[in-house]
Structure formats: structure tokens, C-alpha cells
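Take these sequences, add in the hints, and give me the full structure.
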Amino acid sequence: MSELETQKRPSMFERKDVKQTVFIWVIFTAIIGYFASTLQARSMGAAASETMSTTIHMIRVFTWVAAPVAGLVAAMAATTLMSKIHFGDNPPEEADHQIRNSPRASATWMVVSSVLCLFAVVWGTVVLQKDNAALLNSKAMNINVTAQQWAWNFDYVDNGTARSDVLYLPVNKPIVFHVTSRDVIHGFWIVQMGIKVDANPGYVTDTSVTPNKIGIYDLRCAELCGLYHAYMQTKVHVVSQADYDAWIKSQGGQA
Amino acid sequence: MNKRLLGALGTVILGVAVIAGIGTYVASAKNDSRVMVATAAGTINTPQGNLPHYTLDMSAYPDSMAGSHGTTGGVHPDWVTYGPVTNFQVPAHSLITITIKQYDSGARITNDFFASVHGTVDGTAIINGKTVTSVDPEAVGHTFTLHGLSDAKSQLFVSVPLPSVPDASVPASGYTKSPNTITFSFITGDAGNYVWNCEYPCGDGTVARFGGPMSTQGYMSGNFTVVNA
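Protein chains in written order, with the working numbering: chain A, 1 to 255; chain B, 1 to 229.
Keep in mind that the hints were calculated from the coordinates and are not lab data. Using N, Cα and C, we set each Cβ at its ideal position, and we do this for glycine too. Do not take every clue at face value.
Listed below are several chain B residues computed to face chain A (Cβ distance under 10 Å; list not exhaustive) [what the hints assert, rightly or not]:
#1 Ala107
#2 Thr110
#3 Ser116
#4 Val121
#5 Asp122
#6 Leu149
#7 Phe186
#8 Tyr194
#9 Asn197
#10 Glu199
#11 Arg209
#12 Phe210
#13 Gly211
#14 Gln217
#15 Asn228
Here's what the structure looks like:
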């Protein structure tokens, strides 16, 4: 037997290239986790409801949980590229990183993926259920939302006949939206409150939220609905109860 | 240079060129370039003080034989259309008075919200000499609804229903001699780009009657540009 054949091959984690990959993995995980969770949450704007706060928190956690997976893939890709640059098309045996017919590797990958998916499903379901709690609140305020190419209108059914194209909401009051469409499918999305449901013609879909911060927010259509879909936006004014009462009276409604 | 690298570079350049070509074609085909500039009409007293006054005149036709599509009606002579053009330009911080002659018949509007007047001075419009805040939702021909992106500096939402001409008054050819005349005024804010469209489903049978002329620029919708005076 040759000297090369009798030489004991180092275990997986003793190999230099594997150590390098693990190091890059940790770096990539930190970078991906930080930027993905921060930028994503920032792009959604400041939360104006507990629903949105919970959603942003959930996205941050999901992002950090998923970051090692993305980091590992990126680290392996980086190692492979560096190996290719270093060794060319004929790498020596010690540069062979392939894992073949390894039940342990397959099982680990499947179990980790399943746990991550299950985690997302369970937590997502809990948050969704919490979001809709106001649907069962008998003191919640009801607003009918009608979507149409390419505008929104709102009927404040608990306040008489008031209607508007801009949405006004009192702060810290549970609101139930009854959403429908007069033509095609639209998407009712109050960005900073974290609620989004489809507006379907012929059907009424209920969703709810409790705005908890006074301010002006964005309402957008979230389903591509035709020529002026991009213009199907309006503002949401969250005001104090007193200001809301004054506004509703100015619209011909009853406080 | 490495052949494979050259191939990859070529693929990227080709992809960018294809996307740029599609974008250029869509951008150039998206709209009629003709614009009607509002006519100056002195100054006028408004709820916001004395403001410059400008006017725009337009019509809503039951087909495309009038308007901007030529005497042959263009590609779709049977489509309803506004005219003489569908792009308008008005000054910022001014009172704009629009007069529309409505020649088309109609029926029930799908959403009563658009049978009411919104966003005009005093929330009213003058229809055939009578001041109204809404029309019968069972007899709407079209609407003139103006809106913009919600993140624009100034919010602008104006919607006025145009009552239908009775079916009996619509001739088999040509246009009625007694169109409905609708006049309304609103005050513009800061300069910006807005769009207007009809909210009565007067398109063809597709997309809940919002297809055809309702989904094609140059017929029942267009640009509304507010510029600094």
C-alpha cells in the first residue's frame, strides 16, 4: 500500500476547508439575519396596531431562524467558488466536499426544515387568531369597505349614513371591516396596521384591527386589478375619539 | 477572454436589452400624447380666498366617432369615449371649473357612492342648471373621477356623476341634440400627477364591464397634471 493510502483522512470537522466554511457560515448568518430583519421591518413602516407590532416581531424572529439556512447555502457556495478558483477543474482528493449516501445528513436536513416550517405554521396561526379577536368583540365598530376599480369607499354603518373615500378611525377602538368589491378582486391592505384581505365581488370578508397610534397611514390595493391599480390608494386617519366624533358629524353621521 | 465568461456576459446583456426593449415599447404605447391645457378665466372668490380661475370643457360620447379617435372612430369606433382629448393640464392652487356635455345613455351604477358628488367646492355640481349633491343611481351614464397616489403632496379626490340621457333621446346615428350639461369646480393643491377615470362600468363584457375602453388609456381615463402656474 502506498503512503498516501495508509495516511488517515481527517474527520469532517478537522478539515481546513470545512472550518473555513463554518466560519463563513457564522459571518453570513449574522449579516443576513441583521440586514434582512432590520430592512424588512423598516420598509413596512412604524406599527400602528398591535397586529402590526406582532407581525414585525414575528418576521424578525422568522428571519433570524431562517438566516442560518441561507447563510449555510451562501457559505457552501463561497467555499465551492474559492475551491474552483484555487484548484481549477482538477481538485485533489482532499478538496472533495461531496456528501453521498448519508442518511444522517438527509435526516438532519429534513428534520431541521420540518421544524422550521412547523414553527412558522404554528406561530403564524396563533398570530392570525389573535388578529381576528375583535371580530368577536360586541363593542367593536363596524365599517363597510367597498372596493372598485380604482377607488375605495367606506360606510360607517354604526354612525348613520356617513360615507367617505378616506378612512377615519378612532384610536384604541376595535374596528371590524366588512370588505367586498363591486367588480374584480382587490386587496384591502392597511400597510402600517398589518391587515390585508382580498375584496371579492359578491362576497363579504371580515377582518379586524385596533389602531393604537394617532397618525396618517396608507391604504393600498394589494391585488393587481387593472389599468390604475397603482393609483388605488388612499389615506387612513387615526384620530382621537373626540376628533372622530366631530369628523363623523361633519360627514352627516351620528357620533 | 474566457469563452464561458464571454457567454455569460452576453446572456446578461441580451436579457437587459430585451427587458429595456419591452419597457420602452410599453412606455411609448401607453398613452395619447395630446394634452388640453386649462383656459385662464381671471380670478374668482373661493372658500380659500381669491384664486386664479381656469376652465376645461369636455364631452362624453357613446362611441368613438367624436373625440380624439378621428372621424372613422379609430381602432374601436364602437367604444365609448371622452373627448376631445383625455389628458389635461391645470395650474396648482387654482379653482378649476369643468363643464362636461354627456351624450350617452346609461343604467344603474354598481356603487351608489359614485352617484354622489365628492370633492367639489361645497360638494355640489350643476346639472342642466340645477345644483345637486347626487343623481339617481338608477340613471347614471358615466362619472368623472379624479384621484392620485396617496403619497402625493396634495390629496385630490373629485368624483362627479354624469346622469344618463334617456334611451328614447339617443338617436340611432349621431348624437342627441340635448346632452346633459354638468358643471363643477374644485380647488387644486400642489403640483403633481393625477389620473381620472370613469367609475360607471361602461366597458365591454370583460373584467366586470371594466374592460375595453375602461381599461385602455385614451377613452374613459387619462392623465390629469397639476403644474405650478
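Inset, instruction - Sort out which numbered hints this structure fails and list those numbers smallest first. - result: 1, 4, 5, 7, 15
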